[in-house]
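A.B. asks: Let's have the full structure, built from the sequences with the hints guiding it.
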Amino acid sequence: MHSCLPFCFPVLSLALLISVPPFVHAASFAGAPIRALAQDHVVFDESPDPATIPLYTPGILRLSGGRLVAASERAGQWKKLGNPWARIKTSDDGGVTWTLRATGGITHGRLFQAGRILYYLGHDGDLMIMRSDDDGLTWSEPVPLTDGQSWHQTAANVWHTNGNVYLVMERSTSREIKGWGVGMLAPVLMRAREADDLTRRESWTFASELVFADLVPGYRENDPQTDLFGIPFFAQTFPTAHQLAPRRPMHPMGWLETNVVQITDPDHYWYDPAGKTFHLFMRTHTGSTGYAALAKVIENDDGTMTTSLQKAPSGKTLLFLPFPGGQMRFHILYDDNTRLYWLLGTQATDSMVRLEAMDPDRYDLPNNERQRLVLHFSKNMVDWCFAGLVAIGPGNKGSRHYASMDIDGNDLVILARSGDERAQSAHNGNLVTFHRVKNFRDLVY
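So in the numbering used here, the last spot in the sequence shown is 500, and the numbers never skip.
Note that these hints are calculated values from the structure, not bench results.
The structure presented is a predicted model; accordingly, all values stated were derived computationally and were not measured.
Hints may be right or wrong, so weigh each one.
[Stated by the list, open to error] With a cut-off of at most 30 Å between alpha-carbon atoms, the simulated DSS-like pairs for lysine-lysine come out as follows:
{"no.": "1", "residue 1": "Lys351", "residue 2": "Lys366"}
{"no.": "2", "residue 1": "Lys493", "residue 2": "Lys331"}
{"no.": "3", "residue 1": "Lys331", "residue 2": "Lys366"}
{"no.": "4", "residue 1": "Lys351", "residue 2": "Lys434"}
{"no.": "5", "residue 1": "Lys233", "residue 2": "Lys135"}
{"no.": "6", "residue 1": "Lys134", "residue 2": "Lys233"}
{"no.": "7", "residue 1": "Lys351", "residue 2": "Lys331"}
{"no.": "8", "residue 1": "Lys233", "residue 2": "Lys351"}
{"no.": "9", "residue 1": "Lys371", "residue 2": "Lys331"}
{"no.": "10", "residue 1": "Lys366", "residue 2": "Lys434"}
{"no.": "11", "residue 1": "Lys493", "residue 2": "Lys434"}
{"no.": "12", "residue 1": "Lys351", "residue 2": "Lys371"}
{"no.": "13", "residue 1": "Lys371", "residue 2": "Lys434"}
C.D. replies: As structure tokens, then:
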């Protein structure tokens, strides 16, 4: 059994002096008390024009034969000019070199495997999916799964069990919010049989919907009943953004970028011996740090799926859960070997700086830092142990964030949204970078 202090942060990390492969763009951390596990990287994609074309949505998948399949997208002016923005590549040398295999009109896409077939699922308003029958060498054109809807997500995780694949997309249920409408998102767990053709709408079952704005009393009246936790940190002005300072808007609260897991420990309070319960963990937008949002989905006897909030043994409802990096996109991966959940996310270091004291080139609100990519592990999805700093970007524009990961033997392979001094901002980076954390299980203590 593994144990640690919850939120064990850098002072405990004695196993971080892990060698990394001799990739390009190494940075020196000589004399630092903590060495990054995978500061060296390979450039997976680079913006042809950092001022107008940011890069988004990195996702990565390791196939059983060792091939890596990965994807990202080019946005901004690239998309406005009519170019297909998603770019899918493969590597047969462990990520050292990459070959472009396909492009497509899909945003917020993620790669996953069902049986022997690869899929790339995202949206262009409606849900869209592509298929590969030859381990990622060739791909179909995008096929719609919905009609007349608006969806959202990132390259979040996928869960496989009992011959099914489970993943979450988020439906935008209304346009009440004039701006970043994460308060109107409903995370929707989707299920399909791995043996079916997942480019067909009838192959998928969609869970019922919960909308964030409907869960918080007083949300639309700008008097949310979430006292005692300082949530939201800044006042919201639904349905518009509260302009706290130039380029510092506080949009109405919400949730987004959902991961799905099952609790596997029979001694856990949330364990379901029938295997019919799935837990959804979401990034929260509250203006603060350190909280994720939580929901659960139960499969019913008739095959339908019902989404609700989790209750504590006291009967109190759990919407917000303490969670390292819960204010930013994170990625969860379950490792059967260690029976641990691994968390790849962003570390905030300066969220309490006053708005007027922020550096002019810092992005958005103080909690919206994107420079430090960090790794944690947990046995229960609640108590997290700090495993290491994966990589850190240079300066306020140099992000390392929004990363996806998969297991490659004894290593973690990671694809990150990144940037350097040429980037528009920490959000609109000009690089997608590939990293490798070697012997990641040795980080467990």
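A.B. asks: Are the hints correct? Go through all of them and say.
C.D. replies: Comparing the hints with the structure gives:
{"no.": "1", "hint": "Lys351 - Lys366", "in the structure": "holds, 10 Å"}
{"no.": "2", "hint": "Lys493 - Lys331", "in the structure": "violated, 34 Å"}
{"no.": "3", "hint": "Lys331 - Lys366", "in the structure": "holds, 16 Å"}
{"no.": "4", "hint": "Lys351 - Lys434", "in the structure": "holds, 18 Å"}
{"no.": "5", "hint": "Lys233 - Lys135", "in the structure": "holds, 22 Å"}
{"no.": "6", "hint": "Lys134 - Lys233", "in the structure": "holds, 23 Å"}
{"no.": "7", "hint": "Lys351 - Lys331", "in the structure": "holds, 10 Å"}
{"no.": "8", "hint": "Lys233 - Lys351", "in the structure": "holds, 28 Å"}
{"no.": "9", "hint": "Lys371 - Lys331", "in the structure": "holds, 22 Å"}
{"no.": "10", "hint": "Lys366 - Lys434", "in the structure": "holds, 20 Å"}
{"no.": "11", "hint": "Lys493 - Lys434", "in the structure": "holds, 21 Å"}
{"no.": "12", "hint": "Lys351 - Lys371", "in the structure": "holds, 15 Å"}
{"no.": "13", "hint": "Lys371 - Lys434", "in the structure": "holds, 23 Å"}
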